[in-house]
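Asks: As they're listed, the protein sequences go chains A and B. According to our numbering, the first sequence is numbered sequentially starting from 1. According to our numbering, the second sequence is numbered sequentially starting from 1001.
Simulated from the structure, these hints should not be mistaken for laboratory data. Just so you know, these numbers come straight off a predicted model, no measurement behind them. Some clues are possibly wrong.
As the list claims (entries may be wrong) - FRET-style restraints, in silico, Cβ to Cβ:
| hint | chain 1 | residue 1 | chain 2 | residue 2 | range |
| --- | --- | --- | --- | --- | --- |
| 1 | A | R92 | B | T1074 | 15 to 25 Å |
| 2 | A | R25 | B | D1062 | 31 to 41 Å |
| 3 | A | L21 | B | R1032 | 34 to 44 Å |
| 4 | B | L1006 | A | E60 | 21 to 31 Å |
Glycine residues also receive a C-beta, built at the ideal position from the N, C-alpha and C atoms.
Next come the chains, spelled out residue by residue.
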Amino acid sequence: MNAVVIFLLICGLIFFTGGTLGILRFPDFYSRLHPAGKLDTFGLVTTVGALALYIAFSQEAILTAVKICLIIVFVFITSPTATHAIVDAGVRAGLKPWTKQSQKRDVP
Amino acid sequence: MNQVFLYAGLYLCLLMFLSLFRAVVGPTVLDRLIGVNAIGSKTTSLLIMIGLMYHRVEMIVDIALAYAMLNFITVLAASRYFQKRKGLYDEGSDRAGDNTP
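Generate coordinates for the entire structure from the input sequences, incorporating the hints supplied.
Replies: Set out below in structure tokens:
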């Protein structure tokens, strides 16, 4: 059981790494939301799922594991909602998406 | 198993510092909001690891659930607030999307 927990934990950390690199490296606001919306959600689901498996099978605390599964369900609903709210704010405030032409215009 | 949680938590702290870079230097306000949202979702995972390390996980789980809810409410309220303002602009390029005819 420990091997499964460690495998899921490392998978979640890889997803978190991808999300952080995407937030740091993408060129504009809308493309930065793409790793922030998806990879952070899935990394959290995988990591917290691994911890729930460990608690349920190694520590025999079923109620705590059920609570952690409720955290997973809550995050799986609310994290895309928060991302969509940020995109909506950007669209209504009138931010323009990044294109290759705008980059060429900036760098003569 | 405690060592695994310790090193995973340390690695998550490193990733949180990298996300803090985007929250500090982001060109627009919404970029900073993305960085804060990423830090909050990593914190929810880190809290449960800390609870497992200190053998108090049945208490920490409630705190993690409350933190996830607070993170969601923070991002939602901040984005609803900033969409009313016209002060968001791209740094460097033109003043995008002015509604003035």
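Asks: Evaluate each hint against the coordinates.
Replies: Verification of the supplied hints:
1. The given range of 15 to 25 Å is respected by R92 (chain A) and T1074 (chain B), whose C-beta atoms sit roughly 19 Å from each other.
2. Distance hint check for R25 (chain A) and D1062 (chain B): the Cβ-Cβ separation is about 36 Å, which falls inside the suggested range of 31 to 41 Å.
3. In this structure the supplied range 34 to 44 Å is violated for L21 (chain A) paired with R1032 (chain B), their Cβ-Cβ distance being about 18 Å.
4. For the pair L1006 (chain B) and E60 (chain A), the beta carbons lie near 22 Å from each other, so the given range of 21 to 31 Å is met.
Violated hint: 3 only; the structure is consistent with all others.
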